[in-house]
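Protein chains: 2
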Amino acid sequence: MLMENPLFHELKKHLSEIKSIEAVMMLLVWDQQVYLPNGGAVARSRQLAVQAQLAHEKLTAPIIGKLLDDLQSYQINLPYDSDEAGLLRVTRRLYEKAVKVPPAFKARLSAHLSKSYQVWTLARPANDFAAVQPYLEKTLSLSREYAHFFPDYALIADPLIDFKDTGMTVAAIRPFFAELRRQLVPMIKDIREQPLPDNSCLYRTFPTAAQLSFVREVIKNIGFDFERGRQDLSPHPFESLISIGDVRMTTRVQENDLSQTFLDTLHEMGHALYDQGLYPDFEGTPLADSASASVTESQARLWENVIGRSRYFWNYYYPKLQAIFQEQLNSTSLETFYRAINKVQPSLIRIDADEMSYDLHVILRFDFELQLLEGTLAVRDLPEAYRERFKADFGITPPDNRDGVLQDVHWFDGVIGGQFQSYTIGNILSVQFYEAALREHPEILDEIAHGEFSALHNWLKEHIYRHGRKYTTMELIQRVTGKSLTIEPYIRYLRTKYGELYNL
Amino acid sequence: MLMENPLFHELKKHLSEIKSIEAVMMLLVWDQQVYLPNGGAVARSRQLAVQAQLAHEKLTAPIIGKLLDDLQSYQINLPYDSDEAGLLRVTRRLYEKAVKVPPAFKARLSAHLSKSYQVWTLARPANDFAAVQPYLEKTLSLSREYAHFFPDYALIADPLIDFKDTGMTVAAIRPFFAELRRQLVPMIKDIREQPLPDNSCLYRTFPTAAQLSFVREVIKNIGFDFERGRQDLSPHPFESLISIGDVRMTTRVQENDLSQTFLDTLHEMGHALYDQGLYPDFEGTPLADSASASVTESQARLWENVIGRSRYFWNYYYPKLQAIFQEQLNSTSLETFYRAINKVQPSLIRIDADEMSYDLHVILRFDFELQLLEGTLAVRDLPEAYRERFKADFGITPPDNRDGVLQDVHWFDGVIGGQFQSYTIGNILSVQFYEAALREHPEILDEIAHGEFSALHNWLKEHIYRHGRKYTTMELIQRVTGKSLTIEPYIRYLRTKYGELYNL
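Heads up: the protein sequence lines correspond to chains F and H, in order.
For the first sequence, the numbering used here begins at 17 and goes up steadily by one.
For the second sequence, the numbering used here begins at 17 and goes up steadily by one.
What the hints contain is simulated information worked out from the structure, not anything from laboratory work.
Any given hint could be a false lead.
For chains that are exact copies, the list does not tell them apart, and a pair is met inside one copy or across any two.
[Said to hold, decoys possible] In silico DSSO-like cross-links for lysine-lysine, where the CA-CA straight-line distance does not exceed 27 angstroms:
(1) LYS336 / LYS131
(2) LYS29 / LYS131
(3) LYS131 / LYS28
(4) LYS180 / LYS131
(5) LYS180 / LYS499
(6) LYS154 / LYS113
(7) LYS154 / LYS477
(8) LYS236 / LYS205
(9) LYS407 / LYS499
Computed from a predicted model, the values in this text were never measured in an experiment.
Chain F extracted, bound-state conformation:
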């Protein structure tokens, strides 16, 4: 990054300004979720709107396009893997995307979504699909309009998917999702026919301070750097990259739900380790970010599920947990605890779903997004379609729309299209990456069983974190695993783990 091509240098100055404004937006949102007093909400929206406008103006300024054009002859001679080439590729992509969408459209979309969100917050508790239907219809039509600004697509969902996962398309994803569903549905059916494991040990009373001190100990030991980050409490856990040296995660503690606090924390820590591990020289450039929504999700799910629900992990940590919660866990064996945190029981609600059935919620939404965009499913038919599909996949019928089609905020505060796929691609990748790490460092398993995480953490830093946004998801998968995206490791992982747990 230190070559002093003067145009490149000038471009970086502009990018650094844009990144600073984006960092400010991250802080404004973090503060809004964590510390903002109620009285500051209206002014906060305005502060965010002003910064968003400034960032947009700076990114779409003609000088950016001119510098990118003028740098083409420089770019062509750079090695593909160089940071400079990566920065120019990513900047070009962001610039092209930003200039293609007229500000007036963005304003119209955002005004509509803000109304739509308001209506949804009332309609969901009232179980009132009719109230949101006209809003969803307008959202669908605006989503199509949005996609049309990027006319070179094979399927209309592609540009919307591309916003979160550059280079991903329906054609690339659909076969994996179909195969995963084909495997999961009968497995879940088999599991449902067996007696439920007793997970009551997770729902005793676990005081907040003790839970917090336990999770802080764990994330510190795994490698979260409190000198370059924070952990705070918030009603909804999230993670926020303000700068590479200022990465903030939040935790929600539920006194009567031990695993929720713990697994949520490992999830956000997964995002946070990624951001803390970005190459420091990327600061002030768009490379200082995760590769994509799917890749950062894979890092969250790796720690939350693959590690955080594993026997290896609890082999070391369960005695420590028992020591803290003697009264509550004294009579609960490691095996009982392990089975409790891996209990499979289809839930009506996606975000409460177990590891096994979670993807079916996602694939359902992904399929519906395509059908809605393609016009093969009408908004008014959504509730019925949701019920049918849910019955087919999970074996249960949602009793109402509140806990059925109305449950997810995504279509009410965002477009229809591209909203869900990253959750499941993230799951698939979490295992594909983990297998690659284990191939190279088989000692990882033994380390984890002894509360050591450096082999895995270092491997992730070296192969994933440090590259930031330099490579697309597909490029990164190829580099890291030597293969393209594959679902085999994930299915093998689920089959092995739950086969053993449920004698499948």
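Please arrange chain H on chain F, whose structure you already have, making use of the hints.
This is chain H only, laid out in the frame that chain F set:
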């Protein structure tokens, strides 16, 4: 504010954008002092610099000048006291000030001050005046250069004073300061000849949590609105107006210094009540601010000293304090406690000074600023001049420069000129305003003695807070008290209070 002159409306749109950026800067600084992890410091400086640059560009944009010019015929027909007229006056003033100073000069000044500050942080502990001398000399020359951008002054310090206290001048302030010094020096000399009251009751061990819960109770009862503000901990207490509904104060708890925690908190609360009491319609305009540095200081000192060190106040609160700290205060009477928090003992350090001798520190600095700017005192002669003046005023000679001329950060991270007067004008005003309130509501004293603050708080809201920055300091004093600035009430207050305490 609701008249829809379209030019006025357009001006307000620009001002709202500027105010939003300024609010973001306040949040960035608040976060930096309260929650920023070490690793985020470098990026934070850049974030602040980008926002400062944006705010400056927006305020000095030609459109602002044009709108102000085009609005002159509209402005001339507005009543002077109308919010619109106030907004146009204040905006014109801010705009004129901003455009007169070339950005290159500001950059030069700020680069120099940042070096000067670094040098000072090492030189002060090393007692090394020679190290800072060349930096101070350059600061002095830059301070003169700064003043020259505003050539219509009587004395060169005037424009620098005007930055913090619009309309204030050396000519207006100097006679008050001279008179105050003439009165204070012999009073302090008399007090020094008497035995020191025993204030050891303040320096026992008072656990942090109990101190915090006490001060929170007090500020809540006085009227700090936690729905529209926050209180956090920070190494240096400060207050921050992010928006009228988001006013944040910080507290530093010292376990072995009860009065410090308490009085610091009341001080910041005084600033905070002011900001929470701004007229809500001023949000998004430069009127949403205190009238001046002096007026906001008067509000801080009113609660910290005039109320917070009074018999009336502790008549109600001392039994409550004793109930919390039974072991520590059981054997300490109210009278002993009252005398302890009002102990007069000249200190080498301004910020540790008692209520009585504090102003002498300020007047000394104010006089030196004038002499330095006027060229009647050379930077190299400062240490000796400081020692002589200190001896004359306080009767003691500072043993070194560290706790003498090097003690205050102001000349090392800011210009020389205008840095100190607001502290003493604030003290003078705290009593002038309080007397006006008491004239109108004599019941205030009795209320305070019963832990009630609404008569005083409401009077302050109505007469001071709600007007924000609409009036200059002098205008506000005239409106609130029916008189111009006068020092009599303040001197009478000090003479009565300390005359009784020390049998003067």
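(request) Mind listing which of the numbered hints don't hold for this structure, in increasing order? (result) 1, 7, 8 and 9
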